[in-house]
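Residue strings, one per chain:
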Amino acid sequence: MKPLDLGCISEGSDVALPQILDGICADFGLDYAAYAGVNTIDNSIHGVVNYPDAWKEHYVEHGFQAIDPTLIMASRSVGVVDWTRLQETEGFHTVFRDAADFGIGTKGLTIPVRGPYGDRGMFSVVRECSEGEWSSLRREIISGLQTQATLFHDRLMRHGRTMAAMRQPALSEREKEILQWIAAGKSQPDIGVILTISTRTVEVHLRSVREKLGALTTPQAVARAIGMGLIYPI
Amino acid sequence: MILVVDALNKHLHSDILDEMFRLRARVFGDRLGWDVQIENGREIDAFDYLDPAYVIGLDESDRVVACVRALQTTGPHMLADVFSDILQGQAPLRSATIWESTRFCVDTDALEMSGRGVGTVSRATCELMVGSLEYARASGIEDIITVIDPVMNRVLKRSDNAPYDYVGATVQMGKTKALAALLDCSEERIARVRAFAGIEGDVFLDEQALAKRRAGRVKAALDCGTMPAGVAQYLIEQIDAAMSVTEISAALSLAEDLLGPVAVPAVKSLAKG
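Chains as they are written, first to last, in UniProt numbering: chain A, 1 to 234; chain B, 1 to 273.
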């Protein structure tokens, strides 16, 4: 595997990506965010960060990508990795002792992302704050952040025509049926009654639909599904 | 108590994982007659090589009594690749906040029953349910899709942990049937299972304490004197000098390798089943 160069954005990807990270940081109350991922099919490596330029240069210059446990270790986890879990590792001290000089704290977490073709990514965020603040912030943002991390990963993995074709969203009949009822103006409880399933079942399918269509909201998912001919316009 | 083992700490718990694979072989291969591959008395499949997370229940002597495996639904998982019959050819759910849970099992031989009334559910079963729901919830997971058999489905219902719905169909799998159930990871559900089994306080065990107990057992075995005194003394010094969980684990593994199976009598007695 080629070393990850987090200082630059991978070829062919959107230049606006660091701005997307800025938006995520603003929404979730975070200082900085970083994404790194490997596409196992075309072997491309992607890295996007919104850290200060001075820290990016320092990081790459010292080859921290080879020892940073928030990258190497955390990507193999299933659950979110709070950096407290990595503090015992050697690399952590080396990287974060220097990070402190650039005003970057140690309260952070890494969200591992897995895609359907063995592709993996990691999305990490950091915030300088007290222990108490961090644990309540963490609880509050973790579900939303998981979703954002996966959307971000999927977006990068879809770049290029072959990748986009391979990642055509496959919706189940149930998912299409529910989305069609949403397009017809029905509420989630209504759809539950119509299909004799629980409201939560409706909700869980819509969450899956949004993920598959790379949509942040259900209206956006409806628009995309109509555009792709997956459901009928009403 | 509950221990979560994933790619980050599996090198510290290889003995526990090995015991877990043997438990799975006894339950899924011998008792339930599922169509699983067993080699050397261990049930291991392709998904075990994909760095899953295991939520493992241990008894007071740190023996494995229950386990379950979690994988993200965004990546390769069993419903997408193996249990596709259940989904009747339909695409699986995919969400960053839905995990798939498979291979839920409990060592029924090694357990006393607790709970209430007719058809009780063991405390170990409930503790594993609480542990897996809490671990998922702490990771921002909102729902779990779980592949189970009808017996487990009844166990879930009896322990006030009934699925809120099912996906796909119930299909034949070896000697039994399999189905996919949905469980939310809400605080309400966790509170219901805790209340049912009378589980209070933290169910997760302290890895530092676990390492110390293991050190005690290994040192006791070294003291028994099957090994040259100088070697035993050296190994005990190594264990005592270890600072971190990683160092203790390395020292203990060395001692256990030299001692052979004597160091872990608990595991030996379990292996008969």
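Don't read these hints as lab results, they were simulated from the structure. For each residue, glycine too, the CB sits at the ideal point set by N, CA and C. Each hint should be verified, as a subset may be incorrect.
To be verified - Computed Cβ-Cβ distance ranges for the label pairs, DEER-style:
| # | chain 1 | residue 1 | chain 2 | residue 2 | range |
| --- | --- | --- | --- | --- | --- |
| 1 | A | Gly-132 | B | Asp-202 | 33 to 39 Å |
| 2 | A | Phe-102 | B | Asp-223 | 37 to 43 Å |
| 3 | A | His-62 | B | Asp-206 | 20 to 26 Å |
Said to hold, decoys possible - Listed below are several chain B residues computed to face chain A (Cβ distance under 10 Å; list not exhaustive):
| # | residue |
| --- | --- |
| 4 | Ser-61 |
| 5 | Thr-73 |
| 6 | Ile-98 |
| 7 | Gln-233 |
Task: Interface hint status, B/Gln-233 versus chain A (Cβ within 10 Å) - done: Hint violated; B/Gln-233 Cβ to chain A Cβ min 28 Å, cut 10 Å.
TODO: Kindly confirm whether 37 to 43 Å is satisfied by the beta carbon distance between A/Phe-102 and B/Asp-223.
DONE: 52 Å, violated
Open item on the list: Tell me if the interface restraint on B/Ile-98 is satisfied: Cβ within less than 10 Å of some Cβ in chain A.
Closed with: 7 Å, holds
Open item on the list: Tell me if the interface restraint on B/Thr-73 is satisfied: Cβ within less than 10 Å of some Cβ in chain A.
Closed with: Status holds, d = 8 Å.
TODO: Using Cβ atoms only, decide whether B/Ser-61 comes closer than 10 Å to chain A, and label the hint accordingly.
DONE: 26 Å, violated
Task: B/Asp-202 and A/Gly-132 - C-beta distance against the hinted 33 to 39 Å - done: 19 Å, violated
Task: Status of the given 20 to 26 Å range, CB of B/Asp-206 versus CB of A/His-62 - done: About 35 Å separates the Cβ atoms of A/His-62 and B/Asp-206, which means 20 to 26 Å is violated.
Checked against the numbered hints given earlier, the structure breaks hints 1, 2, 3, 4 and 7 and satisfies all the rest.
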